[in-house]
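These are the residues of each chain, in order.
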Amino acid sequence: MSLESPNEKPAKSRGARKSPGVKAGAESVIANTVTDPFKPFTDTLMSVLSGNLNARVPQDRVQADPTGFGHLLNQVLEQFSSAEHRKQVAAQEIDQALDSLIILVREGDLSRWNTSTEDPQLGPLLEGFGKVIETLRIFVREINEAALRLSSSANQVLAASTQHETSSTEQAAAIHETTATMEELKHASAQIAENAGSVARVAEETLGAARAGRGAIGEFIQAMQQIRSDGVAVADSISKLSKRVERIGTVVEVIDEIADRSDLLALNAALEGSRAGEAGKGFSIVAAEMRRLAENVLESTKEIKNLITEIREATQAAAGAADASKHATESGEKLGAVAAQAVEGILAGVQETSDAARVINLATQQQRTATEQVVASMAEIEDVTRQTTQASKQATGAAAELTQLASRLAELIKRFKAD
Amino acid sequence: MAAQARPELEFFCFRVGELRFGVPSENVLEVLRAGLLTPLPRTPSFILGVTGHRGQVLPVVDLLRFLSKGEARIGPRTRIFVGVSGSYVSGVVADTVLGLRRIPVSEILPPPLGGDQAAEHLLGVVQGSGPADGINLLNFSKLLQTARQRAVVR
Chain A
87 MSLESPNEKP AKSRGARKSP GVKAGAESVI ANTVTDPFKP FTDTLMSVLS
137 GNLNARVPQD RVQADPTGFG HLLNQVLEQF SSAEHRKQVA AQEIDQALDS
187 LIILVREGDL SRWNTSTEDP QLGPLLEGFG KVIETLRIFV REINEAALRL
237 SSSANQVLAA STQHETSSTE QAAAIHETTA TMEELKHASA QIAENAGSVA
287 RVAEETLGAA RAGRGAIGEF IQAMQQIRSD GVAVADSISK LSKRVERIGT
337 VVEVIDEIAD RSDLLALNAA LEGSRAGEAG KGFSIVAAEM RRLAENVLES
387 TKEIKNLITE IREATQAAAG AADASKHATE SGEKLGAVAA QAVEGILAGV
437 QETSDAARVI NLATQQQRTA TEQVVASMAE IEDVTRQTTQ ASKQATGAAA
487 ELTQLASRLA ELIKRFKAD
Chain B
12 MAAQARPELE FFCFRVGELR FGVPSENVLE VLRAGLLTPL PRTPSFILGV
62 TGHRGQVLPV VDLLRFLSKG EARIGPRTRI FVGVSGSYVS GVVADTVLGL
112 RRIPVSEILP PPLGGDQAAE HLLGVVQGSG PADGINLLNF SKLLQTARQR
162 AVVR
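Residue numbers (the numbering used here), protein chains in the order written: chain A, 87 to 505; chain B, 12 to 165.
Hint data in this document are derived by calculation from the structure and do not stem from the laboratory. A couple of the hints might just be wrong.
As the list claims (entries may be wrong) - From the structure, some residues in chain B lie toward chain A, with a derived Cβ separation under 7 Å:
| # | residue |
| --- | --- |
| 1 | Asn38 |
| 2 | Val42 |
| 3 | Leu111 |
| 4 | Ile114 |
Said to hold, decoys possible - Which residues of chain A face chain B? A partial, calculated answer using Cβ under 8 Å:
| # | residue |
| --- | --- |
| 5 | Gln161 |
| 6 | Val162 |
| 7 | Lys326 |
| 8 | Leu350 |
| 9 | Ala356 |
| 10 | Leu357 |
| 11 | Ser360 |
| 12 | Ser370 |
| 13 | Ala374 |
To be verified - Have a look at the derived ranges for each label pair, beta carbon to beta carbon:
| # | chain 1 | residue 1 | chain 2 | residue 2 | range |
| --- | --- | --- | --- | --- | --- |
| 14 | B | Arg44 | A | Gln311 | 54 to 62 Å |
| 15 | A | Ala362 | B | Arg88 | 40 to 48 Å |
| 16 | A | Ser386 | B | Pro50 | 31 to 39 Å |
| 17 | A | Ser386 | B | Val164 | 20 to 28 Å |
Cβ coordinates follow ideal geometry from the N, Cα and C atoms, glycine included.
Chain A with its partners taken away, still in its complex shape (with noise of 0.2 Å):
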């Protein structure tokens, strides 16, 4: 009806004077069922409010009649006619506009908007439409694009969240790892420190040790000394007793010579008294027992001859004792030397290994305190990554709605066709 209304304006300005004539005109006919003249131009009058345009006061009677009512009435039913037809085609073109902004509405194509009209009333009012249609046009082209590009974003975000949880739990399960292999490392760092300290206090045995060790090796050196010095005392000892006993073996010699003299002339004595007969009979015996002492004095001096060879044997196997002993005595002092040359580097060696052993202990307590802190470090990482988790998770789900939404809204804007 609102549409009516720009229609009706011409036609009430044009029939403004004209209105209040067709009523009256009404009325007129009404009179006119009496008075006969005006029943022409009333027929004609109601007929076209009854709807038939092209309903015109007949020729004849227009040129019956002098007046030029008939002429006039025609010009203003043509001008009319020709209203209410334009009027008709805005309508048409109107409905056909409306049936479109339906169509669009309930199908949601845009392409299809294509209505033109001629009526240059109407023809603002359509193109402000195709405007506005051109601009949904471009609105739904633009938004389907953003809704595919959502909807690879979404895609993506959700990739990138679900790769990003993926990642997430393997950096906890790695963290969970690394505190465990942190933890195992602050029992070997302690184990570390612990055989450190061992090795510390077995150093200082050692050194202990080796300094007695080095003490015993002085004794044992000024002992060989003694022994050398000692040995060469035995040894002139040796030689004196060789030169007594060489002396010994003279005097024997001549207590041997004087026996064996002594020997003969008992012998002789003897067979001397035998010759002498009767009177020299204890002659005789005399001189045999003189003889049996020479013969036992024989017997001893064969004796210490033997013994006296005995000692000079002895005494050159102690001579050479006594020189092997000296070499002895010599090559021990100078393994002595040797030993105590080794015992300093001994000394040298374990000073160095307990001071070793100090800085690992040191060093194995503090990586101790450096593993603790990181494993503390890595506690805290844990419970961040715990939530990064739990946050990625969300994100995810988030993710997974955001797609869900994204490509809901691609669907929804596909019913819209653009082209």
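Following the hints, complete the assembly by docking chain B onto the known chain A.
Here is chain B on its own, set in the frame of chain A:
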């Protein structure tokens, strides 16, 4: 000439090599040390040589060679006793002088029958406590005579 009536006889006993001999003490003048022996040419092998004794030249006899019982060895302790029989004087080599011994006549056994060259110069044999302790009692006068004869025959 030995006094057979006496219940015992005195012998000068000595050892040469493994053999023990006894010589009647009246045949022995004295005992010497074995000094330097001067070998004599053209003498029997049992005469080892000669040595000076109290201004006399004394031949020295090796009993072992004489009796064909081996050879005597001269050492620093070797003795030579001066034996005498009548006018004959001779030195005899002895390794060791055992001494003068009085031996009862009853203990003197006759020399073994069918013996060798040694047996004819034996007065008899005295048994010792052991098998090696036996002493061969020499007839020194006969031995000296035989030796002289042999030396001259040569």
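Looking at the structure, which of the earlier hints fail to hold? Violated hints: 1, 4, 5, 6, 7, 15, 17; rest satisfied.
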